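Undergrad: Chain by chain, the residues:
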Amino acid sequence: MARTLLINGKVHRVNLPDEVPLLWVLRDELGLTGTKYGCGVAACGACTVHMNGEAVRSCQVALGDVSGAVVTIEGLGSPDNLAVLQQAWADHQVAQCGYCQSGQIMQAADLLARTADPTDDEIDDAMSGNLCRCGTYPRIRAAIHDAAARMKAEA
Amino acid sequence: MAGRIRKIARRSFLIGSVAVAGGVAFGVYKFRETPPNPLAPTDGAIPLNPFVVITRDGVTIITPKAEMGQGVQSTWAALAAEELDVDWEDITILHGPPAQAYFNSALFGEAVPGLAYKVGPTGAAIRDLAGGGAKLLNLQLTGGSTSTRDGYEKMRMAGATARETLKLVAARRLGVGFGELSTASGEVIARDGRRIPYADLAEEAAQIEPPEIELRDPSQWRYLGRTMPRLDMIPKVTGTARYAVDVRLPGMKFATVRMNPRRTGMFSYDASAALAMEGVEKVIDLGGGIAVVARNTWIAIQAAEAVDIVWEGPVYPETTEALNALALTAFDRSANSTPRDEGDVDKPQDGIEIAAEYEAPWLAHTTMEPMSSAALFSDGKLTLWSGTQAPILARDRTAEAIGIAPEDVELIVPYLGGGYGRRSVADFSILAARVAAAMPDVPVSVTWSREEDMRNDFYRPAAWGRFRGVVLDGQAVLLDGKIASTSLIGDSSPPADPDDWQMGDRELVAGAWDQPYGIPNYRVSGYTARTGMAVGYWRSVGASYNGFFFDTFIDELAFAAQRDPLQFRLEMARREHEPSAAAIEAVAEMSGWGKALPERTALGIGFTYSFGAAVAQVVQVSQRDRGISIDKVWIAADVGRALDPGNLEAQLSGGAIFGLSAAVSGKITFRDGIAEQQNFWDNDALRMQSAPATEVRVLETAYRISGVGEVAVPPAAPALGNALFRLTGQRARRLPFGDTFNLLV
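Chains as they are written, first to last, in the numbering used here: chain D, 1 to 155; chain Z, 1001 to 1745.
Calculated from the structure, these hints are not laboratory results.
Worth double-checking, as some hints may not be accurate.
[Claimed, not checked] Derived SDA-like pairs: lysine to any residue, alpha-carbon spacing no greater than 25 Å straight-line:
(1) Lys1632/Z with Asp117/D
(2) Lys10/D with Pro1250/Z
(3) Lys1282/Z with Glu29/D
(4) Lys1347/Z with Glu1357/Z
(5) Lys1632/Z with Lys10/D
(6) Lys1118/Z with Thr1338/Z
This one's a predicted model, so the numbers in the text were calculated from it and none came from an experiment.
Using the sequences provided together with the hints, build the complete structure.
TA: Structure (structure tokens):
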């Protein structure tokens, strides 16, 4: 059946079986390829997006269960208008292969929305579901602390 | 590209220029010391492979290297830009098509016999010339930590030649002397202040002979030696970087493959259940498996798993135990190579003799982006988007597989979502091409499931080390190492040229025979097993296991000699190779080696010389209530010359974490001839909470420049294992350590 989705502030209509995961609706139906497929079983976090303001693994959210606004990495900021977190990521030159970074950033955004100034332990807890094979974790940690400080200064 | 190539002779290669639409291209067109390319016409249009292209639209720097996270495209761009005098933000980079002249000369320079750490200026020149051999193998390969060395001169030469040629045109146009001109920010500037943008000079530049040039002294560098913002960073933090898996075209279909996980054929298959699923369009018989084409990738993956397939059995033993037993029979035969045999290890030596055996498991690559390619077959021609580390190989094998000529393949190499050696194999490119060939005029995206990626990998082979040594008066006087592993040179792994068997044998012992230690009786032998398992290059290749075997044994010798393990290594390195000694000294200082440590905390040192770089690491572990934590790793690496310190730090830190991931939990086991591990839940890597903090120091004492994509991997496992020994009193001789030690993950 046809469903209406609100993604990055834009309304989309899709006509697909209800069990198709949101990840593949985004990537293959809507061409929003910034959200990545890494495992399909919520074991790597590469597909993390926000639904109703909360980080979810889009490979585990069936189309029929999507409710409320969805925000993907494309909706967080753009090359000409970086979100604070993306700017911190760029300043710390975090990405190597870069494939996991959309998910890392979306997960970190969720963390900072809940915990303005996270400790290292809180970062560990929030980010433990996001795998990075290139091993960029030390820079991810530094970028999160930096973004938290900038957001605080702006607040 | 058209017109005659105008050339200047330089070193082992020739830089030329050629007219292109609206401008000029500068690049390598020929290597001087190699036979002429039989495929190239001898007059008229000689192929030139450009590195710098200047047109009315601006400056494009072509970086024919796979960007898989190592930052190579930014470093290559900086090399050309340094001489060209263009502003960083005005540079456009392009991967470029597969081409012989983009071959990796540094890779084959390393195949010259002899100890790399002993190479001086003359030896280095010989190695660089020997690199011409790579051309014969069509080897445009990104791997072996060779890109920096490969591009170090070529890219600067291309940039300098372009700059000086543009100045010649400007001198003529302005009617001033050549010496009165300077360049900056993409413009030629006269003493009187008149400026001409490069874009306005480009077309005329193609008409004149490029002048002889000299490279700038490093003291004049503005980009090189500094941390530059990576050119791929903004795309990668905004989700706009395009990987092969992201290619989207109008009318595109989505497919996946399910190939025999035992690497043979199918007896039969029944696709009726799959074809009945909503959104499934087609099931393609690929001989050794099937492809499902569907409306989206998820439906394709579900349907592929629903196909009932009766697979043929494997050509290799079906269980890990049987496979490993077969590999170990290599020790029963005579050695296939003994690249180092100093002194006489068979002569009895006074002192304390020890022996130890080590084991490293099979490993998967598990790049974050599963294998994927997009393809369109139309009018007998193929357009292929593939994140390959070996473009010429991928192009040629793909063409062969679908029965077209290589020149009818247009290969586009987007960003790679990790490579680690996996993407040097052409299999995923070929399968995508075969799917596309079965659906002419329909663009198709072929994405493997994670499970398919893990069970159809080309694994890092399991390996075994048997070491014997003698210490006397606190010194190692004898080391005899024997290593067995599956040969990497077979049907599956490039280079597939049979002449390269030597390279396979060399890799089998790399990281053990070539260590910069003065030990009077020092022999290392390799025993090549042929198990039939699909194997491939895995980040740091032979050194990925030999670094662990060799350095752990050195640590055991130090213990037997009742010496401090760091001082023990340092003394041996001082006798043989100063840059290695410097790296060990640096890591000692960084880690506070020898100072008092908190309770239940220990340090371990690891050292490996690989790919031309000496890398020393110290790992700190601590016993917590729930298990052992890997707290920190200090890394000191000698790279000869640091082109981008920030990127070096990232590569060395990431490489150590990659090596530690494998050391903690990495393994592939087999049952019924199929890899038992399926996804990240049973084949994981370090995560935010388990990855150590890292601290890096880059040294510049070695004579030659080296790359760093791999070099931090080999010393990570021994450093951790040696720390675990200090903490627990138990020697870590078998990887992964998580099977023996209670490590926090």
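Undergrad: So, for every hint listed, does it hold in this structure?
TA: Structure-based check of all given hints:
1. Simply put, Lys1632/Z and Asp117/D have alpha-carbon atoms about 23 Å apart, close enough for the 25 Å limit, and the pair holds.
2. A C-alpha spacing of about 21 Å is found between Lys10/D and Pro1250/Z, which places the hinted pair at or below 25 Å, so the restraint holds.
3. For the suggested pair Lys1282/Z and Glu29/D, the alpha carbons sit about 19 Å apart, so the restraint of at most 25 Å is met.
4. Pair hint Lys1347/Z plus Glu1357/Z holds up; C-alpha atoms about 21 Å apart against a cutoff of 25 Å.
5. Proximity of Lys1632/Z to Lys10/D is assessed by CA-CA distance (about 45 Å); at most 25 Å being required, the pair is judged violated.
6. With a C-alpha separation of about 18 Å, the suggested pairing of Lys1118/Z with Thr1338/Z holds against the 25 Å cut-off.
Comparing the model with each earlier hint shows a violation of hint 5 alone; every other hint is respected.
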